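K.L.:
Could you put together the complete structure from these sequences and hints?
Line by line, the protein sequences give chains A and V. The opening residue of the first sequence carries number 645 in the numbering used here; numbering runs sequentially from there. The opening residue of the second sequence carries number 22 in the numbering used here; numbering runs sequentially from there.
Careful: at least some of the hints might be erroneous.
[Said to hold, decoys possible] Covered stretches of chain V, as calculated for chain A (at least 3 residues, CB under 8 Å):
#1 33-45
#2 54-62
#3 78-90
#4 133-144
[Unchecked claim] Derived DEER-like restraints, expressed as beta-carbon distance ranges:
#5 A:Val933 / V:Phe145: 13 to 23 Å
#6 A:Ser747 / V:Leu34: 41 to 51 Å
#7 V:Thr202 / A:Gly664: 44 to 54 Å
#8 V:Ile98 / A:Gly804: 27 to 37 Å
[To be verified] Some but not every residue of chain A turned toward chain V, in silico, with C-beta under 7 Å:
#9 Ile651
#10 Val654
#11 Leu656
#12 Arg771
#13 Val798
#14 Val878
#15 Leu913
#16 Met940
Hints listed in this document are in silico derivations from the structure and should not be mistaken for laboratory results. Note that the structure is predicted; figures quoted are calculated from it, not measured. From the three backbone atoms N, C-alpha and C, an ideal C-beta is built for every residue, glycine too.
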Amino acid sequence: MRSVLPILTVVLAIIVLWYGATVALNAQWTRDQAARAGVEVGFSEIVRDTLAQTRPKLPAPHQVAAELYQSTWVEEVFGRRGIVATGTLSNRSLIYHGWVTLSATMLGFAFGTGLGILLAIGIVHSRAMDMSFMPWAIASQTVPILAIAPMVIVVLASIGIKGLIPKAIIAAYLSFFPVLVGMVKGFRAPDAMQLDLLRTYSASRARTFWQLRLPSSVPYLFASLKVGIAAALVGTIVGELPAGASAGLGARLLSGSYYGQTIQIWAALLAAATLAAGLVVIVGAIERVVLGRMGMRS
Amino acid sequence: MIWAWGSLAFWALATALNVWLARAHSRNRAVRLFIPALFGATLLLVWEGLVRSLGVSPVILPPPSMIGVRIAESLPILWADFSQTILKGALSGYLIGCGVAVAVAVLIDRSPFLQRGLLPVGNFVAALPIVGIAPILVMWFGFDWQSKAAVVVVMVFFPVLVNMVAGLKATDALQRDQMATWSASYWQGLFKLRMPAAMPFLFNGLKIATTLALIGAIVAEFFGSPTRGMGFRISTAVGQLDLPLVWAEIAVAAFAGSAFYGLVAVIEKGVTFWHPSQRGRA
Chain A
645 MRSVLPILTV VLAIIVLWYG ATVALNAQWT RDQAARAGVE VGFSEIVRDT LAQTRPKLPA
705 PHQVAAELYQ STWVEEVFGR RGIVATGTLS NRSLIYHGWV TLSATMLGFA FGTGLGILLA
765 IGIVHSRAMD MSFMPWAIAS QTVPILAIAP MVIVVLASIG IKGLIPKAII AAYLSFFPVL
825 VGMVKGFRAP DAMQLDLLRT YSASRARTFW QLRLPSSVPY LFASLKVGIA AALVGTIVGE
885 LPAGASAGLG ARLLSGSYYG QTIQIWAALL AAATLAAGLV VIVGAIERVV LGRMGMRS
Chain V
22 MIWAWGSLAF WALATALNVW LARAHSRNRA VRLFIPALFG ATLLLVWEGL VRSLGVSPVI
82 LPPPSMIGVR IAESLPILWA DFSQTILKGA LSGYLIGCGV AVAVAVLIDR SPFLQRGLLP
142 VGNFVAALPI VGIAPILVMW FGFDWQSKAA VVVVMVFFPV LVNMVAGLKA TDALQRDQMA
202 TWSASYWQGL FKLRMPAAMP FLFNGLKIAT TLALIGAIVA EFFGSPTRGM GFRISTAVGQ
262 LDLPLVWAEI AVAAFAGSAF YGLVAVIEKG VTFWHPSQRG RA
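P.N.:
As C-alpha cells, this is what we get:
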C-alpha cells in the first residue's frame, strides 16, 4: 500500500503530460483553420479548440474516455443494434470487438500452454529431445514471429480455415515459448536431495513426475502464464491486422488508421490495454488461490 | 512417394542417431553442436519431402529448395528491404530507445519515490500490446523509417528500463559501504561499482529488446510504408500469393534476428566476463 501514492503521482503526471502534448500537437491545425478563416486566436481559444477536435493528432484523455463510454455502454444499451435492442452485441461496440479478440486469445493461450507443458515434459525426460529441440526453441524466439502473422492468416484462409483458428494459432505460437522455458525450469526445480529421496522409495518416473516435479513446478507455471497470456493477446491483435479481418480490436485499430479516426484508435488501444491488464490480474488471482491451497504462498 | 518415405526414413535414422549421441557422447562439444544441427536439417528435409510427394501447392507451402532459389534470385530486393527496415528503422530505434531507457533508469534510481511509482507502471506497460501504437506513430511521423524507429523506441523502452533499474539495485550494502569508505562520489560509485554490476541485468533487457525491435519495425510497416521494407514486401507479396518471396523475407528476418541477438550476446560476453553465468562455459 506504500506505493499507492507514488503510482498515483506518476499516473497523474502522465495525464498532465498527455494534456500538454494534446495542446502542443493539435495547435498547428487550430492555427491553420484560424488563418484560413482570417481570425486571430488567443491562447485560451487554442487550448479550448485543441481539446475538442474531431480528428485530432492526439486526442485528449477525456475524449478517449468519452469514446470508450460511447462505444461500450451507450452503444449496447441505447444503440439501435445494441444488446438491449436486438439481444446480440452490436458490431460497432468495443465489447463485441474485445470479445472476438478475447475468445481467439483464450483459445490460442490454451493451445500454447498445453503444447508448452507437453514439450517441457518431453524435454525434461529425454536428453536427446533436450539437446536437439531446445536450441531451436530459443532460436525461434530471436525470429520476429509476429511478422509472419499476416501470412499465416492469408494462407489458412486460402485453404478454407477462417475466423478464430488462424488468430489462435499465432497466439499459441507466441505463448508457448514462455510456458516451455518456465516449465522446463519448473520441472527441474526439485533438488537432488528430493529426487534421491524418491529414488530410495523406488518411485517410478511417472510417480516422480506427478508427486514431485509437477507440484514443484506450479510457481514457475504461473509466472510463465502471466507472460504467456500477455503475449497471446499481442499475437491475436497482430493477427487481426491484415486486411480482411472485420472484427476484433486489431481490425478496429486498422480501420481507425485507414480513416484517420484517431479517437477510435486510442479507444481500441485502451480497450486492449484494459483487457491485457485484466487477464494478467485474473491469472495473478488464480495463482494466489492455488499457491495458498498448496501451502506455497510466499 | 519416394520423397515422402525417404524423408521419413531419414527422420527416423536421424532421431535414432541423435538419441544415441545424446546418450553416449553428450560431453563432447562438437556433438552438442551437431545434434541441433541435425535436427534442423531433418526438419527441412521432411518439409521438402512431404511438400513434394503430397503435391502441396506452392501457394500454401513452398518447399525449402524453392525458397532458396527465390532468395538467390531476389537478393537486390531483399537487401533494399533489409536496409530500409533493419538498418534504418529497427537499429536506430533500438539505439535511441535503449539509450534513453538507461538514462532514465539512472535518473529515477536516485529517487525511491519515483521508483515506487514508475516501476509498477513500467511493468504494467511492458505487458501491454504496445504494437497497437504503431498506427498512431505512423500517422505522426509519416510513412518513412522515422515512424518505424519511433515504434521501436517505445517498444524497447520499458523492458530495458525495468531491467536497468533492477540492475542498479544489484549491489549489496557491503560493496556500497566499501565505496563510501573510499569516499567515492556519487558518480564514481555509479561508474565504478553500480554500472558494471548492472550490466548482466541490462544485457538481459537488451536481448529481449532485439526481438521486439524487429517486430516493431516490421509490424509498423503494415500501417503504411514507402514501397520497400520487409513488412511492406510481406504484406504485398501475400496479396499476390507470391509465397516463396514471403518465405524469403521471413528467412532474412530470421537470420537478421538471430544475428542481432548473437551480436548483443557476444558484446555481453565481453562486458560481463566476470559474471558466473559467463564463466565455466569454455
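K.L.:
So, for every hint listed, does it hold in this structure?
P.N.:
Comparing the hints with the structure gives:
no.: 1; hint: 33-45; result: holds (count 6)
no.: 2; hint: 54-62; result: holds (count 5)
no.: 3; hint: 78-90; result: holds (count 3)
no.: 4; hint: 133-144; result: holds (count 8)
no.: 5; hint: A:Val933 / V:Phe145: 13 to 23 Å; result: 22 Å, holds
no.: 6; hint: A:Ser747 / V:Leu34: 41 to 51 Å; result: 43 Å, holds
no.: 7; hint: V:Thr202 / A:Gly664: 44 to 54 Å; result: 45 Å, holds
no.: 8; hint: V:Ile98 / A:Gly804: 27 to 37 Å; result: 31 Å, holds
no.: 9; hint: Ile651; result: 5 Å, holds
no.: 10; hint: Val654; result: 4 Å, holds
no.: 11; hint: Leu656; result: 10 Å, violated
no.: 12; hint: Arg771; result: 4 Å, holds
no.: 13; hint: Val798; result: 5 Å, holds
no.: 14; hint: Val878; result: 4 Å, holds
no.: 15; hint: Leu913; result: 5 Å, holds
no.: 16; hint: Met940; result: 22 Å, violated
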